[in-house]
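Be aware that the sequence shown starts at 50, since it is given in this note's numbering, and climbs by one per residue.
The set of hints was computed from the structure by calculation and includes no laboratory data. Glycine is no exception: its CB is placed at the ideal position from the N, C-alpha and C atoms. Any given hint could be a false lead.
Stated by the list, open to error - Now the in silico label distances, taken between C-beta atoms and shown as ranges:
(1) Glu66 <-> Phe107: 28 to 38 Å
(2) Pro93 <-> Arg131: 29 to 39 Å
(3) Thr123 <-> Trp70: 12 to 22 Å
(4) Ser76 <-> Arg136: 24 to 34 Å
(5) Arg131 <-> Thr111: 14 to 24 Å
(6) Gly106 <-> Glu66: 28 to 38 Å
(7) Thr112 <-> Glu66: 14 to 24 Å
(8) Asp98 <-> Ala72: 14 to 24 Å
(9) Gly92 <-> Ile133: 12 to 22 Å
(10) Ser76 <-> Thr121: 14 to 24 Å
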Amino acid sequence: MTTTSQVDPVHTAPATEPPRWRAARVSWYDTTKGFGFLTPATGPDVFVDYTAIDLPGFKTLTTGQPVIFTATDTPHGPEATRVIPYRRERKDAHTRSDAHRAPGRRRRCFGRAA
């Protein structure tokens, strides 16, 4: 029986090319075992080992956390070679001009209607 593997061009590149950074979310990560999977917007899920996480100290990821990563193709599928987690800024965060305003107070409009 012959099996053929479809190679994902995103995860294969000549050694002379710089690594391609991609965005993904953590599908799941088991801190005890030290591995999990990332789900990019396109392509298959990517295996991630704790050694690929670029964080000082205790290296862990949380489900749903956004990350950027580089990957390589292995016989078992794509595997992350470097993962950098980041936080997205909250949409409901106060702007700098709102910092002086008391909670619950609305912004006033001083323009006149024509």
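* To do: Could you tell me whether the CB distance from Thr123 to Trp70 stays inside 12 to 22 Å?
  => holds, 19 Å
* At the C-beta level, are Arg131 and Thr111 separated by a distance inside 14 to 24 Å? -> holds, 18 Å
* So the hint says 14 to 24 Å: do the beta-carbon atoms of Asp98 and Ala72 match that? -> holds, 19 Å
* **Range agreement (Cβ of Arg131 with Cβ of Pro93, hint 29 to 39 Å)** => violated, 18 Å
* To do: For Thr112 and Glu66, compare the CB-CB distance with the range 14 to 24 Å and indicate the outcome.
  => violated, 32 Å
* Asked: In this structure, is the beta-carbon distance linking Ser76 and Thr121 contained in 14 to 24 Å?
  -> At 18 Å between Cβs, range holds.
* Supplied distance hint 28 to 38 Å, evaluated on CB atoms of Glu66 and Phe107 -> Holds: the Cβ-Cβ distance is about 32 Å, inside 28 to 38 Å.
* Can the suggested window of 28 to 38 Å be confirmed for the beta-carbon pair Gly106 and Glu66? -> Between Gly106 and Glu66, where Cβ atoms are some 32 Å apart, the hint holds.
* Asked: Is 24 to 34 Å a correct range for the gap between the Cβ atoms of Ser76 and Arg136?
  -> Between Ser76 and Arg136, where Cβ atoms are some 18 Å apart, the hint is violated.
* Asked: Lying within 12 to 22 Å: is that true of the beta-carbon distance Gly92 to Ile133?
  -> holds, 18 Å
Consistency note: the structure conflicts with the earlier hints numbered 2, 4, 7.
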